[in-house]
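Starting from the known structure of chain Y, fit chain P onto it as the hints suggest.
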Amino acid sequence: AQSVTQLDSQVPVFEEAPVELRCNYSSSVSVYLFWYVQYPNQGLQLLLKYLSGSTLVKGINGFEAEFNKSQTSFHLRKPSVHISDTAEYFCAVISKSGTYKYIFGTGTRLKVLA
Amino acid sequence: EAQVTQNPRYLITVTGKKLTVTCSQNMNHEYMSWYRQDPGLGLRQIYYSMNVEVTDKGDVPEGYKVSRKEKRNFPLILESPSPNQTSLYFCATRDITNYGYTFGSGTRLTVV
Numbered sequence: 001a002q003s004v005t006q007l008d009s010q011v012p013v014f015e016e017a018p019v020e021l022r023c024n025y026s027s028s029v030s031v032y033l034f035w036y037v038q039y040p041n042q043g044l045q046l047l048l049k050y051l052s053g054s055t056l057v058k059g060i061n062g063f064e065a066e067f068n069k070s071q072t073s074f075h076l077r078k079p080s081v082h083i084s085d086t087a088e089y090f091c092a093v094i095s096k097s098g099t100y101k102y103i104f105g106t107g108t109r110l111k112v113l114a
Numbered sequence: 115e116a117q118v119t120q121n122p123r124y125l126i127t128v129t130g131k132k133l134t135v136t137c138s139q140n141m142n143h144e145y146m147s148w149y150r151q152d153p154g155l156g157l158r159q160i161y162y163s164m165n166v167e168v169t170d171k172g173d174v175p176e177g178y179k180v181s182r183k184e185k186r187n188f189p190l191i192l193e194s195p196s197p198n199q200t201s202l203y204f205c206a207t208r209d210i211t212n213y214g215y216t217f218g219s220g221t222r223l224t225v226v
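Going down the list, the sequences are from chains Y and P.
Note that my numbering has the first sequence beginning at 1, numbered continuously upward.
Note that my numbering has the second sequence beginning at 115, numbered continuously upward.
These aren't lab readings, by the way, just hints derived from the structure by calculation.
Think of the CB as a built atom: it goes at the ideal place given N, C-alpha and C, for glycine as much as any other residue.
Heads up, some of the hints might be wrong.
Stated by the list, open to error - If we take Cβ atoms under 10 Å as the criterion, some of the chain P residues that face chain Y in the derived model are:
#1 151
#2 156
#3 158
With the rest of the complex left out, here is chain Y (with noise of 0.2 Å):
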């Protein structure tokens, strides 16, 4: 069985400083990772995804991530955010076998503070 844990329910951040969202997985099979963004009152959006390569992996908006298999992390960051970031981020993993499934994590609400 996979988890997901995003141990920070709340990040807040000044605008234009860097951020770091913190993902920690538990998986007995490789898995895929990925990220997802919520605006208020709208659908999840993908941001980022790590499938296989480059461990380091570049998203939209400016966001990137990398998967640390030794730690299971796949951290976000962005060097410089905007109040346009404040939204709530959740991190996601999948296992390459069976059904795919996804496990979700609990989220994260990243506020930018002018």
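Structure of chain P alone, referenced to chain Y:
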């Protein structure tokens, strides 16, 4: 434009009154799924469908039904809604090869 369309966006209903939330996608994807989102619990899968006439239970299927008669449509049916089904519901679809989901805008359901 790739879209997942859910209706209605908001719905307030009374306990026991049957309702249907519609979902339609224009991406020709085989895989479709329904989730509910509750504070502190993240997203939990209700049902999914890997193709027409093929549906299966997710993690929280009790009290829900689905059907997949056409590839593009995947309605969620609550035969007898109860207050514990008050939630934010999302329909989503994905390509079977790249695994990234496209979500609808959500349906906020309140059962009183």
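Hints, one by one, checked against the model:
1. Contact between residue 151/P and chain Y, as hinted, is supported at the beta carbon level, the nearest pair being about 9 Å apart and thus within 10 Å.
2. The beta carbon of residue 156/P is positioned within 10 Å of a beta carbon in chain Y (closest approach about 4 Å), and the interface hint is therefore held.
3. For residue 158/P, the interface hint holds, since its Cβ comes within 10 Å of a Cβ in chain Y; the closest pair sits about 8 Å apart.
This entry satisfies every hint, going by the numbered hints stated previously.
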